[in-house]
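Undergrad: Starting from the structure of chain A, add chain B where the hints point.
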Amino acid sequence: MNNIYRPIEATLEDVITESPNIKTFVLSLKEPFEFRTGQFIELTLPGIGEAPFTPSSDPNIKDKIDVTIMSVGKVTSILHNSHKGISLGVRGPYGKGYPLDKFEGKDILIVGGGVGLAPLRSLLFSLFAQIDKYNKVVLRYGARTGGDIIYKDAIAQWGKKKKVDVVTTVDVGDPQWKGNVGLVTTILKDLPVDLKKAVAIVCGPPIMMKFVTLKLLDLGFKPPDIYLSMEKNMSCGLGKCGHCRLGSYYACKDGPVFTYEQVKDLHDIWD
Amino acid sequence: MPDCYFIDSDRFNALFQQLKKDYKVFSPAQKEASGEKPQYYYEKILTSQPFVFNAYRTQEPLKAFFTYPYEEVSDYFSAQDNIKDIDEKTMIFGVKNCDIVGHKIQDFVFLEGVAVDSLYRLRRENTLLVSGDCTDYKEVCHCLSWNIMPYAKEGFDLNLAPIGGGYLIDVGSKKGEEAVQKYKGYFSDAKESQLNARQAKRDALVERLKKHLLPQDLVPLESVQKVVKDGYNADTWKQFMQTCVECGGCNLICDTCHCFLLAEKKEGNLNKKVRLWDSCLYANYARVAGGANPLKARAQRLRNRFMKKFDFFVDNLKMPACCGCGRCIEVCPGKIDIREVLKDLAVKTSAKNE
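Residue numbers (our numbering), protein chains in the order written: chain A, 1 to 271; chain B, 1 to 354.
For reference, chain A alone in the conformation it holds in the complex (with noise of 0.2 Å):
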């Protein structure tokens, strides 16, 4: 009996610390798992509890997935306390994920803001690993303030990349951050991207989300081509449990990536 509700099980082979409250942790799962970008997983902390992330890895690699967490509530707090070895449950993949096939011989503008870069690393690696079907890559990364940038060694060799081009922002300077700074709306002028073919992936807080997409569509980006991961509460990450409706979808089976034209009519969607 296939039972929807069972978690795989995977071993915490690794901690990373990203930022003072961001740590990545390196999952290896002791039964064959696959995802594809965009695609989220539940993860259950035996006894403590259960939550939604998006992996940050790269799709291609089979054995291990990677996932990118902030402490915020009950079971990512308990998570960061916890040591390599410990026993974690995976539930999915879940959702539709990217569509990679309508970003090819594209401009592709990606930004993120705070830990939303997670999603948007393991998208950054598939598109790496097939670079050719894409015509560029422009990441534009807006964090908090420097020590709270993710992925800061990547971030650096990315932009080294052939036909990939990189800005970072903070929101608030300090003596160290030798940057720019401003909301990460500030870094969206003068973009090396041609609008008659171009997307763009936004993931971050829902208010980020907001004054990006209404900077995207001043800009003159199409409704269609704006891809938003939404946040919603979901429970089961199969369309039953109820919790993630957005107007007439689930988050969890119709998204988390919903293109902004499917959802500008709904109500309150950045709440």
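Keep in mind that the hints were calculated from the coordinates and are not lab data. Since the model is a prediction, treat every value here as computed from it, not as a measurement. Check before you lean on any hint, since a few could be wrong.
Here are a few chain A residues that face chain B, going by a calculated C-beta distance under 8 Å [as the list claims (entries may be wrong)]:
#: 1; residue: Gly47
#: 2; residue: Ile48
#: 3; residue: Gly49
#: 4; residue: Glu231
#: 5; residue: Lys232
#: 6; residue: Cys236
#: 7; residue: Cys241
Estimated spans, in silico, between C-beta atoms of each pair [unchecked claim]:
#: 8; chain 1: B; residue 1: Thr243; chain 2: A; residue 2: Asn60; range: 53 to 61 Å
#: 9; chain 1: A; residue 1: Pro32; chain 2: B; residue 2: Leu270; range: 22 to 30 Å
#: 10; chain 1: B; residue 1: Ala79; chain 2: A; residue 2: Gly47; range: 15 to 23 Å
#: 11; chain 1: A; residue 1: His267; chain 2: B; residue 2: Leu111; range: 27 to 35 Å
#: 12; chain 1: B; residue 1: Gln59; chain 2: A; residue 2: Ala129; range: 53 to 61 Å
#: 13; chain 1: B; residue 1: Asp85; chain 2: A; residue 2: Asp101; range: 37 to 45 Å
#: 14; chain 1: A; residue 1: Gly85; chain 2: B; residue 2: Ala79; range: 19 to 27 Å
#: 15; chain 1: A; residue 1: Glu261; chain 2: B; residue 2: Asn316; range: 14 to 22 Å
#: 16; chain 1: A; residue 1: Glu261; chain 2: B; residue 2: Glu139; range: 45 to 53 Å
#: 17; chain 1: B; residue 1: Lys318; chain 2: A; residue 2: Lys197; range: 36 to 44 Å
#: 18; chain 1: A; residue 1: His267; chain 2: B; residue 2: Lys318; range: 21 to 29 Å
By construction, the Cβ of each residue, glycine as well, lies at the ideal position given by its N, Cα and C atoms.
TA: Showing chain B alone in chain A's frame:
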């Protein structure tokens, strides 16, 4: 037209005794309620209990036989999944057409979509639904306003219609047919006069129910989606929510409401997932990690209940998630009446008469 048989009262009582030996039988028992019509509650029927034909729906929703308010649905990190449901043939009497129609929502949620809930499927496969024509109604009954009749034409395994001296039994499924074949000595073919008698009784009840509902001027099926959509920003939600105590009763007792939460349970070395019925009237229903809550205001949560019922399900299943059983009206300590909420929205948006 499904196959139809007749069984007289004595034979039916004998058959009922036999069924109790062959199945786990649930059938309503009648309890007198002071100053009101009697109420019907489900009981696992003991050997000596006689059959009670309930005139209208039971207090409990049909869904309670297929998902439970609190139950273990999986264990994990064990060599095999030890969660097994009792594989027992079950027969449920006392089901009404509102329950049958409402249960389509449960079937849609747990049997269709991206994955099948195997526990639910097993219970569904093991269960025969025996519906019965309504012979009376409660004040809160309003099936007709959703074009749902007080008798079932489909969706049951067997349907009982009381007529003079016994019951007509309709067969609505392969399972129902098998059961009839198994006990075929009890039945005779229905006569046309009996079918006519049944139709007369059905028509008479529909007329009585129409008389009961017509003065209520309820929002009809055709316009209900527009009413809730147009009423999104109406003050109705806030106004009706004033008396809500957030008990969740309206959701928990609803034939169609299906929301649940998955939670953890540890028993020694065993890790288990438990499933609990949830209610969108609870303050934390939509809360995400970190504390953000898109349904923070009480009025938003009442609105969510209506948008789910009359917008989401109309879009996704071409039917509202309300079968007019009125259980939510009866159960509500704050006297929030689903009919009145919709009427108030209709008046305020005046979409009803467009």
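Undergrad: Does each hint hold? Answer for all of them.
TA: Outcome of the hint check:
no. : hint                            : verdict
1   : Gly47                           : holds (4 Å)
2   : Ile48                           : holds (6 Å)
3   : Gly49                           : holds (6 Å)
4   : Glu231                          : holds (6 Å)
5   : Lys232                          : holds (7 Å)
6   : Cys236                          : holds (6 Å)
7   : Cys241                          : holds (5 Å)
8   : Thr243/B x Asn60/A: 53 to 61 Å  : holds (57 Å)
9   : Pro32/A x Leu270/B: 22 to 30 Å  : holds (24 Å)
10  : Ala79/B x Gly47/A: 15 to 23 Å   : holds (19 Å)
11  : His267/A x Leu111/B: 27 to 35 Å : holds (30 Å)
12  : Gln59/B x Ala129/A: 53 to 61 Å  : holds (59 Å)
13  : Asp85/B x Asp101/A: 37 to 45 Å  : holds (42 Å)
14  : Gly85/A x Ala79/B: 19 to 27 Å   : holds (21 Å)
15  : Glu261/A x Asn316/B: 14 to 22 Å : holds (19 Å)
16  : Glu261/A x Glu139/B: 45 to 53 Å : holds (46 Å)
17  : Lys318/B x Lys197/A: 36 to 44 Å : holds (39 Å)
18  : His267/A x Lys318/B: 21 to 29 Å : holds (22 Å)
Violation of the numbered hints given earlier is absent; every hint is satisfied by the structure.
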